[in-house]
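Given next are the chains, with one letter for each unit.
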Amino acid sequence: MKNPRNLAIQIGFLILPIAISLALAAALVIAVGRDPLEVVDALWKGAFKDTRKIGGVFNFWIPLTLVSIGLVVTFRAGLWNIGVEGQMMMGALFASWGAQYLLLPESLSSLLNVILISLAALGGMFWAFVVGLLKIRLGVNEIFGGVALNALVNVISIYLISGPWQPRIGGSAQGTEPFPSPALLPEFSSRFPTNLFMIALVIAAFLIVMVMLNATRWGLNLKAVGANMRSALLLGVATERTSMSAFLVCGALAGIGGSYRVLFTFDNLRPLASGGIGFLGLLVVLLLSIRLLWVPLIAFAFAAILTGSTRLQIALKLDSSLAGVLQGMLVLFVILFHGVQEVFFPRTLDDEDTPTPDPSRHLNGEHPIKREGQ
Amino acid sequence: MNEEFLNTLGSIIGTATPLVIASLGETITERAGVVNLSLDGSLALAAVTGFAAAWTAQQAGVLDLPAQIGVGIAAAMLVGALIALLVGFSSIKLRRDQVAVGFVLTLLAAELARFLGADYTRIPGPQITRFAIPVLQDVPVLGIVLFQQNVLVYFSYVLMFMIWFWLFRTKGGLALRAIGERPEAAYARGAPVQRLRYWYTFLGGALVGLAGAAYSLNVKPGWSSPPAMQGDGWIALAIVIFGGWHPFRVVLGAYLFAALRAVSGYIQTNGLFIFGQEISFPFVLLNALPWLLMIVTLLIVSGGLTERLLQYMPRAVQRRLRAFLRSDPPRALGARFEAE
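These protein sequences, in sequence, are chains A and B.
Counting along the first sequence from 1, when you hit position 59 you're at 59 in my numbering, and nothing is skipped either side.
Position in the second sequence (first residue = 1) + 374 = my numbering.
Hint data in this document are derived by calculation from the structure and do not stem from the laboratory.
Incorrect hints may appear among the rest.
Stated by the list, open to error - Chain A regions said to be covered by chain B (calculated; three or more residues, Cβ under 8 angstroms):
1) 58-64
2) 97-103
3) 153-167
4) 176-189
5) 336-347
Quick caveat: nothing in here was measured; it's all calculated off a predicted structure.
C-beta: ideal position from N, C-alpha, C; glycine also.
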């Protein structure tokens, strides 16, 4: 940065939205008669008190990072994959099917794990394919297709849990019986209860997608489609196939994330097992203006807030939705302040090393309610 | 006609009312070229605010019931309008993407509703009472269905006609349509595009807020988590598309959804009989119907499939059917407008 004024503005606009969100959240906490410092303390202890808690943070981080990586891909192609939540859930359903019906001995547990994770990826891809088909071939906007498919997979899961997959004793809508132990993903240790294979898988997915986006023709095509569907088509990009591939990649990653929820976090299938993590992934990616590099870090911060928030209820009798409020405000203010910066503090010309992030830049290619070819 | 059947129709009209009001609100917002995607969260936050305000007024013990309800409705409308204004401001002034801001606000408002509503969960509060309109309520058939409802329902009838009249029979409505279709042309002819967009976003948001209050003070009294109207915001957004941004068709869409829900609710409690034969299948699956209907309606109105099917029809029918089935959004919907 050569220009000190620009540097000061940059730093100011990095800090301001965070400060405002924290201040508003604190005001909210005071308004319901609690001490914000106690909330901070509870959040911190809930997330980082010991290695067990940190393991818990990783257990949110794994699915959250997976879906966020996937969403970077769909956003690059200019697609709003709100259906990601349902794609997680469909992955969880496929994995749950395998966990109950593919019975392998304990000695083949690792093999079974790999099979179930692959099944989950297929499940997520299947549900993403439906959204993609509705969008690309039949002109149903992906936001509405996604919302409807999210709801549909929830209906299906409740049907399965209360019907064919209900526990033998005391069948209810609470969840299936715990899956047989060979199907479950093993804990690293009871003091650090998370799954290292999955962490490695997340890192691998991150690196692979990073390379694919930045160093392959596919990555270029995605960008072209996202920036301007028509020009991309005229330039000879197979736009339909490119869009569909983005959906499929995102669906696969979301499905794997969903499988982690049922094969590790819960050990069985429950209604809403995806737990809003798909939507949270959308927030992570919007916060970052669709840049992949910082996804693991921001996902970690969001996962920590989420893990910490479970303590709010126990320690302070505060609703854990405070975590969601804080995350939502952070993203909202970051987006708004990008706008304030762009409109009121336009950059001077000698400073072009870092482009101003603009979450809308990739999203403007096409409007959700507008149809192609109109 | 069978009295029980008429009562059912009446209750469908009643339960559809929040959907009707929310979809009509979004219709005028989108007609002005702004998409307020925050509906699902806005409805929840408006509902809980409206309920909390009305409940607090009730506890204070100074106001009578209509005034308590009035306080609740005013609070809810304010919440809805403010959220919508935020969407408007971020897109008109700050040049942000409406969909991104709207989506973030959906999640944020829903979480806020859950947080603020924690103390109001499952407690009884004031409710809007039924008020049959004299004379009209005795009209055969229509009386039972339409005129033995509450004030909000009557308001929704009036609102539908008012919006239709404004849109298609007044100069102001012409300007409204113009800023959503061709803002440059409207601007050139002297319409204050940005100011009108703010105004209609605000107005539409206030109606969404009113719809929220219609849930918590009438259709789904009180507050619970997850909220009783969860998902309805998305359905309302889809209804606007299905309704082709035309108030009559939008209202028809809302009634269609409510009717489908009533049917599936009826089957879930009473079972399904066809020719006296009981048909049994897992009734939980019926909860999928509104969402399937949403996909199907969007399939029909948004090109693709309809276009392909129309190819097989005789030419004369084709054009009419297309005009009837398809719905085209305002051209400048979601696009920014910069005055030169």
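Taking the hints in turn, this is what the structure says about them:
1. Only residues whose C-beta sits within less than 8 angstroms of a C-beta in chain B count toward coverage, and the stretch 58-64 of chain A has 0 of them, not enough to reach three; the restraint is violated.
2. Check on the stretch 97-103 of chain A: 0 of its residues sit with their Cβ under 8 angstroms from a Cβ of chain B, so the three-residue criterion for coverage is violated.
3. Counting residues of the stretch 153-167 of chain A whose C-beta lies closer than 8 angstroms to any C-beta of chain B gives 6; at least three are required, and the coverage claim holds.
4. Here the stretch 176-189 of chain A counts 0 residues with a CB under 8 angstroms from a CB of chain B, which misses the bar of 3, and the coverage is violated.
5. Counting residues of the stretch 336-347 of chain A whose CB lies closer than 8 angstroms to any CB of chain B gives 6, which reaches the minimum of 3, so the coverage claim holds.
Taken one by one, the earlier hints fail for this structure at numbers 1, 2, 4, listed in ascending order.
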